[in-house]
Amino acid sequence: MSASAVFVLDLKGKVLICRNYKGDVDMSEIDHFFSLLMLQEEEGLVCPVMSHGNALNVTLRNERASPVPCVQVFTEYFKELEEESIQDNFVVVYELLDELMDFGFPQTTDSKILQEYITQKGNKLEVAKTKVPTTVTNAVSWRSEGIKYKKNEVFIDVIESINVLVNANGSVMSSDIVGSIKLKTMLSGMPELRLGLNDRMLFALTGRDKGKSVAMEDVKFHQCVRLSRFESDRTISFIPPDGESELMSYRINTHVKPLIWIESVIEKFSHSRVEIMVKAKGQFKKQSVANNVEIHVPVPSDADSPKFKTSTGHAKYVPEKNLVVWSIKSFPGGKELLMRAHFGLPSVENHELEGRPPITVRFEIPYFTVSGIQVRYMKIIEKSGYQALPWVRYITQSGDYQLRTNS
Amino acid sequence: MLLSVTGEIFELKAELNNEKKEKRKEAVKKVIAAMTVGKDVSSLFPDVVNCMQTDNLELKKLVYLYLMNYAKSQPDMAIMAVNSFVKDCEDPNPLIRALAVRTMGCIRVDKITEYLCEPLRKCLKDEDPYVRKTAAVCVAKLHDINAQMVEDQGFLDSLRDLIADSNPMVVANAVAALSEISESHPNSNLLDLNPQNINKLLTALNECTEWGQIFILDCLSNYNPKDEREAQSICERVTPRLSHANSAVVLSAVKVLMKFLELLPKDSDYYNTLLKKLSPPLVTLLSGEPEVQYVALRNINLIVQKRPEILKQEIKVFFVKYNDPIYVKLEKLDIMIRLASHANIAQVLAELKEYATEVDVDFVRKAVRAIGRCAIKVEQSAERCVSTLLDLIQTKVNYVVQEAIVVIRDIFRKYPNKYESIIATLCENLDSLDEPDARAAMIWIVGEYAERIDNADELLESFLEGFHDESTQVQLTLLTAIVKLFLKKPSETQELVQQVLSLATQDSDNPDLRDRGYIYWRLLSTDPVTAKEVVLSEKPLISEETDLIEPTLLDELICHIGSLASVYHKPPNAFVEGSHGIHHNCILMLIVYNTGHYCPSGDLLGDLLNLDLGPPVNVPQGSSMQIGAVDLLGGGLDSLLGGDLGGGVGGSPAVGQNFIPSSVPNTFAPSPTPAALSSGLNDLFELSSGMSIATGGYVASKTVSITGHYVHMFYCLYFFCCVFSFGVIPTTPLAMHTPLMPSQSIDISLPLNTIGPVMKMDPLNNLQVAVKNNIDVFYFSTLIPLSVFFVEDGKMERQVFLATWKDIPNENELQYQIKDCHLNADTVSGKLQNNNIYTIAKRNVEGQDMLYQSLKLTNGIWILAELRIQPGNPNYTLSLKCRAPEVSQYVYQMYDAILKN
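Protein chains in written order, with full-length UniProt numbering: chain A, 1 to 407; chain B, 1 to 901.
Don't take each hint at face value.
[To be verified] Only pairs whose alpha carbons sit at most 25 Å apart, straight line, appear in this in silico DSS-like list of lysine-lysine:
{"id": "1", "chain 1": "A", "residue 1": "279", "chain 2": "B", "residue 2": "819"}
{"id": "2", "chain 1": "A", "residue 1": "268", "chain 2": "B", "residue 2": "111"}
{"id": "3", "chain 1": "A", "residue 1": "14", "chain 2": "B", "residue 2": "831"}
{"id": "4", "chain 1": "B", "residue 1": "122", "chain 2": "B", "residue 2": "111"}
{"id": "5", "chain 1": "B", "residue 1": "842", "chain 2": "B", "residue 2": "819"}
{"id": "6", "chain 1": "A", "residue 1": "14", "chain 2": "B", "residue 2": "72"}
[As the list claims (entries may be wrong)] Stretch-level coverage of chain A by chain B, calculated; a stretch enters the list once three of its residues show a Cβ under 8 Å from a Cβ in chain B:
{"id": "7", "stretch": "162 to 175"}
{"id": "8", "stretch": "228 to 241"}
{"id": "9", "stretch": "331 to 345"}
[As the list claims (entries may be wrong)] Residues from chain A shown here face chain B by an in silico Cβ test under 7 Å; the list is partial:
{"id": "10", "residue": "102"}
{"id": "11", "residue": "103"}
{"id": "12", "residue": "141"}
{"id": "13", "residue": "178"}
{"id": "14", "residue": "317"}
{"id": "15", "residue": "395"}
Hints were generated in silico from the structure; no laboratory data involved.
For glycine and all other residues, C-beta sits at the position ideal for the given N, C-alpha and C.
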């Protein structure tokens, strides 16, 4: 579990900056690596991990996903991570790489803490002031001491994303809910927080059975949460990091009725036309409204001359993605909406085989969680004894929401 | 360009020596910038080091960065920096102390390390935990440069002390450093994992940062709890980590739990609770980014192979999404097949059918293959799978059809005489097949079921036209298929078989093809009945799971969950430190034992050879000798050695101990009866041989039995052996046509004679054998009992004996003692005569029996012997006289063996 070196490359594979931690790999290995990457890309077989000789490389093509959260730290330091920002700030980057890992062992990767002692304007700070924040080695490594707010508040966002995969014949293949509880903490000092949810396991433990409870399949916590405490009595207790953070995420496996149900008929008449009929039904409470609904319907790549008819909202052809996007600003529960589209097809057959992309749906429904999860309380205790207000907001949105089509 | 660089350097030099602090700092920045873009600024070394004495932290960092980069190329000048390091290690600012100790370790110059010991020692006891945690890592760095020094200076003990440190971060780094160091001392118990230490680690686990938790968990996974209670209590304290947001922490926790599960009793409640707890976090990993998903899937793939019950309910989460990247899709598919069972097969098949109509060629192919694997794995679904495959063939998409035909062949192998009705549909697609795999599969099907296909001869004939343009695989299959056809329908296909035999033998320059052609030719011309038995023999069923990771490798990989090894599915030493060669042990078990009793001395041979029953050949680990063979075997064989070896290496002389690596490229195509789904992993076979004298005197026959020990079919193409000293060569090549199944054993006799080239070997009776099969050529050697070479006309005339005895110089006479023998002279004579050692005369001198004996070797060498037997004395004296005295030793061994029998 250690890294030999970290390279940051530009698009052409040139090394922008690198840090050799262990001296056990030849730094020129990286040159082979890039040509290998190109080769794999041509063959369409890119895989995030690859090897060349005895050097191993983990490619981070996606900025957000990285086994070592350097990228995230860099992003927070430079707002945007791009070639220039690295070149312009190479001194800071070196400093960061130095603190992030030592001899290939990841050390401190919390950008908020790093910012306390590695500053972009280091030269302006007086030398004597630069002390190691105790946070770096403290048991509470995510929060510094001495934070002050005039008004003490916590904002809690409960966001549930629904992932659905529906087969062409209309049966739900898989569906789950991935929920996330995000905090925006504006609290002074070192507050002790306790979050109460209508967790079924907790209810079972404490023997209370009134009210609706939710069974969470799997829960993941921010490192601030005392995991052993949760394991023993399901109490979520923690000292929160300052500012925004994701406190926890959970997954619920129960089958839910897809909130927006799509029925589609896509008829393709070779050499002449494609006719599409999409029926969308809001399968949620009448009082709720889904906002910013977008239904993406795939069309053949050689389709032309689009014609649409919609009962609500408007449809748009996006030729570069081979999609019809039907957007509905607000979609009340229980309603059924309809869209018809008509495309021409060229008389010459398209020989390229096309995939059958699914219909995807995007939406968000505020003030509502599918699972029915609720924040029952948020207790905030600080030794100075201030009163703090917790604010809670619920939202349900689409995650990976796919419905396979027949054609 | 050069000029401009020189100019720039000159300018920088001036700036570095500027009086103003700010200027100097800017200059150092410029130097680092130049270094970053790859310019060589090493000539500025002394000037940069001069700037080291500063209280500006940022400047200091830059200078240190420069030092790390160039110290190696300028070791002498690096000494200049030592003073500053020592000073910085005592700086009041802990950041600077830590920075100094961190940089020190990165300067990989042997010379200066000794100066750094004192500062490091101080830093290890620093009051600031930040400095201590940095110093802990520095010990690992130093150990990498100079291990001996670190041990001599007692730094390892200091590190061990840090495990009890009050600060969890220091504990974590000390653990990380010790684990790193112990990798280079695999056997030392550096970490000294005892229940007390484990308890400390478990306490620190709750408090340290996410990365620290990973170090500790990784370390815990190396601990062996003394009993199940301890294992359970560790598991209980590790389980909460499964809820950590950092997926690396989750995977490390999974690793510890997977490992300790082994120790828990399978029927306990806790075991089952734990199994249930493992599944949700694994599934959650799949909601991450594709890269994280990929890593998770590779790990899950291992877990599913080890304990399928964990995820058996979760197959749905592995259903492929349209927008998954291809590497995620392929992995998911693989896991889906592993989890496929009777309970979920309907859903799985529906999904697979869906995938098979997608556009990504690799994915579609794998999906089609997966359908075939489901058919083989879940018997109840076979029919549905076959009809799905038929539907897919109807799509006429070229690569789908080809892939489908390949898997259908395997289905035929698994369920013979069940689905042959679809052959007609398959034959319709004959023309569209352009890939060797698919062509070979189709040809195999036609050959195998020739009697049911009316126009089989026409179909096969159509392939013959372009025979020489086909790949070897297709050629071999076609050859076999036509021979099968001929054996089934001899009347109409004589011409065809002659055509293919002549194409394979006379017109081909491929040795494998030619050899096989000749074998068939000879078989057909000598004994058609035997030929039928051989070629049309019943084929063993193919096994279900063919691409499982070999169990011991799997266990090893489970111990590396969450690391690259688990992503590669290779043990770490196979891809790290590649220069050290492959650490896999190659194992080939060669057991020599007696198989026959058909010679007068059969019993003797039995005993002699039975001594050695068991000891296989051990190939020394890490020797570069066997790498060739290792690679071809596909690696990962390590631990196959395991228990099997137990019995003991270093047996006795009759065991083949010289393993000669193969330098012959593996040009062998898979067997004509197509080997299904080969992964090349654990091909292992056992080979036993016995030797006997046939009545013909010097014609020896070698009996060989081959036992398969691997999951795949093994096909022995032929055998070749030589004893050069006696010119032994096989009279005919030996070929085995029926693939060998695991633990199946086949006995084959190979007639040998002694007309081959003569070359002296050491030892003389060394038999070199080469076995060529579909994997590679394997060489080994074994010892032949010399008596095989004692000829029947070894009886000398009395006069000749006397004359020869006198004629051979006395220095050629060698004396041996045969101890503990309680036979009388007549029994001795009789026993020896059975082995072609003839007694010419017997005298009684002073109560002692003197036997004069002679024997002759196949190469015409005579050996004269005088055996003295004293009544009441179990020790006999044997004097041997021979013109080639080097033989005597072996003759004595034979005497000893024969008489002791």
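Going through the hints against the structure:
1. Note on residue 279 of chain A and residue 819 of chain B: the hinted pairing is violated, with a Cα-Cα distance of about 101 Å set against a maximum of 25 Å.
2. For the given pair, residue 268 of chain A sits about 78 Å from residue 111 of chain B by alpha-carbon distance, which is inconsistent with the 25 Å threshold.
3. Restraint check: the Cα-Cα separation between residue 14 of chain A and residue 831 of chain B comes to about 82 Å, which exceeds 25 Å; the hinted pair is violated.
4. Annotation: proposed proximity of residue 122 of chain B to residue 111 of chain B holds, straight-line Cα distance about 20 Å (limit 25 Å).
5. Using a Cα cut-off of 25 Å, the hinted pair residue 842 of chain B and residue 819 of chain B holds, with the two alpha carbons roughly 20 Å apart.
6. A threshold of 25 Å between alpha carbons decides the hint, and for residue 14 of chain A with residue 72 of chain B the separation of about 24 Å falls inside it, so the pair holds.
7. A count of 6 residues in the stretch 162 to 175 of chain A with a Cβ less than 8 Å from any Cβ of chain B is obtained; the coverage claim is therefore met, three being the minimum.
8. Restraint check on the stretch 228 to 241 of chain A versus chain B: 3 residues with Cβ-Cβ distances below 8 Å, three needed, restraint holds.
9. Under the rule that three or more residues need a Cβ within less than 8 Å of chain B, the assignment of the stretch 331 to 345 of chain A is violated, with 0 such residues.
10. A distance limit of 7 Å between C-beta atoms decides the matter here; for residue 102 of chain A the minimum to chain B is near 5 Å, and the interface restraint holds.
11. At about 5 Å, the closest approach between the beta carbon of residue 103 of chain A and any beta carbon in chain B falls short of 7 Å, and the interface hint on this residue holds.
12. Here the hint on residue 141 of chain A is kept, as its CB sits about 5 Å from the closest CB of chain B, short of 7 Å.
13. Residue-level restraint check for residue 178 of chain A holds (minimum Cβ-Cβ distance to chain B is 5 Å; threshold 7 Å).
14. Proximity of residue 317 of chain A to chain B is violated relative to the hint, the smallest CB-CB distance being about 20 Å (cut-off 7 Å).
15. Taking 7 Å as the C-beta cut-off, the interface hint given for residue 395 of chain A is violated, the closest approach to chain B being about 18 Å.
The structure is inconsistent with the numbered hints 1, 2, 3, 9, 14, 15, although it conforms to all the rest.
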